[in-house]
Amino acid sequence: MDLLYFAWVRERIGTGQEQLDPPEAVRNVADLIGWLATLSPGHAEAMREPERLRAAIDQKFVPLDALLGDAREVALFPPVTGG
Amino acid sequence: MDLLYFAWVRERIGTGQEQLDPPEAVRNVADLIGWLATLSPGHAEAMREPERLRAAIDQKFVPLDALLGDAREVALFPPVTGG
Amino acid sequence: MIRVSVDSAPIELAVEVAALEERGAGGVATFTGVVRGDDGITALELEHYPGMTEQALIALAEDATERWSLLGVTMVHRVGVMVPGERIVFVGTAAHHRREALDACAWLIDRLKTDAPFWKRERLGDDARWVEARESDAAAAARWNVD
Amino acid sequence: MIRVSVDSAPIELAVEVAALEERGAGGVATFTGVVRGDDGITALELEHYPGMTEQALIALAEDATERWSLLGVTMVHRVGVMVPGERIVFVGTAAHHRREALDACAWLIDRLKTDAPFWKRERLGDDARWVEARESDAAAAARWNVD
Chain V
1 MDLLYFAWVR
11 ERIGTGQEQL
21 DPPEAVRNVA
31 DLIGWLATLS
41 PGHAEAMREP
51 ERLRAAIDQK
61 FVPLDALLGD
71 AREVALFPPV
81 TGG
Chain P
1 MDLLYFAWVR
11 ERIGTGQEQL
21 DPPEAVRNVA
31 DLIGWLATLS
41 PGHAEAMREP
51 ERLRAAIDQK
61 FVPLDALLGD
71 AREVALFPPV
81 TGG
Chain A
1 MIRVSVDSAP
11 IELAVEVAAL
21 EERGAGGVAT
31 FTGVVRGDDG
41 ITALELEHYP
51 GMTEQALIAL
61 AEDATERWSL
71 LGVTMVHRVG
81 VMVPGERIVF
91 VGTAAHHRRE
101 ALDACAWLID
111 RLKTDAPFWK
121 RERLGDDARW
131 VEARESDAAA
141 AARWNVD
Chain Y
1 MIRVSVDSAP
11 IELAVEVAAL
21 EERGAGGVAT
31 FTGVVRGDDG
41 ITALELEHYP
51 GMTEQALIAL
61 AEDATERWSL
71 LGVTMVHRVG
81 VMVPGERIVF
91 VGTAAHHRRE
101 ALDACAWLID
111 RLKTDAPFWK
121 RERLGDDARW
131 VEARESDAAA
141 AARWNVD
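Chains as they are written, first to last, in the numbering used here: chain V, 1 to 83; chain P, 1 to 83; chain A, 1 to 147; chain Y, 1 to 147.
Quick look at which bits of chain Y chain V covers, simulated, 3 or more residues with Cβ under 8 Å:
| hint | stretch |
| --- | --- |
| 1 | 44-56 |
| 2 | 108-120 |
| 3 | 123-133 |
With the Cβ distance kept under 7 Å, some of the chain Y side facing chain A (calculated, not the full set):
| hint | residue |
| --- | --- |
| 4 | 13 |
| 5 | 14 |
| 6 | 26 |
| 7 | 28 |
| 8 | 30 |
| 9 | 33 |
| 10 | 102 |
Sample of chain P residues with no beta-carbon within 12 Å of chain A, all distances over it, derived:
| hint | residue |
| --- | --- |
| 11 | 21 |
| 12 | 27 |
| 13 | 33 |
| 14 | 35 |
| 15 | 38 |
| 16 | 39 |
| 17 | 44 |
| 18 | 50 |
| 19 | 64 |
| 20 | 66 |
| 21 | 70 |
Simulated from the structure, these hints should not be mistaken for lab results. Note that beta-carbon positions come from the ideal geometry of N, C-alpha and C, so glycine has one too.
My request is simple: use the sequences and hints to build the entire structure.
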């Protein structure tokens, strides 16, 4: 699974992109956030407040309870601030 | 009193401006329209349908029942179509 | 902060927008009216009431700055003869907040249609006809009164 | 008819508007966001999600053409580093009727704020901070749902 990170999520983790293989128990985005938090201090810091995170699966915005299914690309980021 | 005419009112009358001295009995804009209609065939044609006319006294839009008072400039024209 | 112009020269949109952007605002909203060439229209003539027109536009711009928090208001109306594709009217607003700029811009063009003394005549080859006022314009201007 | 661009080059407003005017519409409405220099901001950085961003903007433009009768929709967003006074975003719509152009333009910028994956970081000299999303943007986007 390709993980993409943007804005301060990217900064805290220290990279904008990584390829990871989450365990079976990780079924939705919230699970993924919990699992990512265990990977490194940077990941932990980025995932510390899930309520401040937003997600996209295969380039579509999804709520945090969205199932990962056979997602190829999952992105995590703060609420958008364009325009 | 300066009379100004615009658009098809001007065209029918054949001039955009004239100086006239209406009689005492002409108290409001509607009276003025009625009196102007008697001045020439062109004036009559321009004033034929008062409901299609709009007016301004001293460069402010007014309804047709507005009193002329000591107006210096009265304009008659069709509904505006700018923009 | 308020700029009003009634002129027979073409409207310089880039210049007008640049002046609004220089107000230091976060957002600039504009509306530009363009002469349409459908229905066989070959030219459009715009007549106005010199003196009253400028006053009417200034009054609208001032009203807008009372209703909304604006850093700039520009209203430019072309008069005389113009051809399809040319700009008739430009309304632009600058504000810190986009909602103020957008609402004020929409309000100004709605009100200009009913409150400023301009008259349009369409030329269709050798023919010409005065454009009739539209009920929908009066309705559009009136709808702001319920705010 | 739909033009979407996400680019680090400055936004060429005159070019974008001219393209909309050429759609043969009676009216063109635009909104331009400009980097503000207040609060000591020296630069603004715009990050985005390549691929998803363009898709999101195209989806918004297509939605707008379903809601309103439009002849042209342009959405241009700048990314990278820009300084106060520069344009961040341009949204423009062309339509026969001004109401359609104005409403669609306002809708597009409201929705862009919540539906497109961009993130702003403000630089204040050597300092930098990510801009927080605003409740008011979500409210502005939601208010269109009651139509």
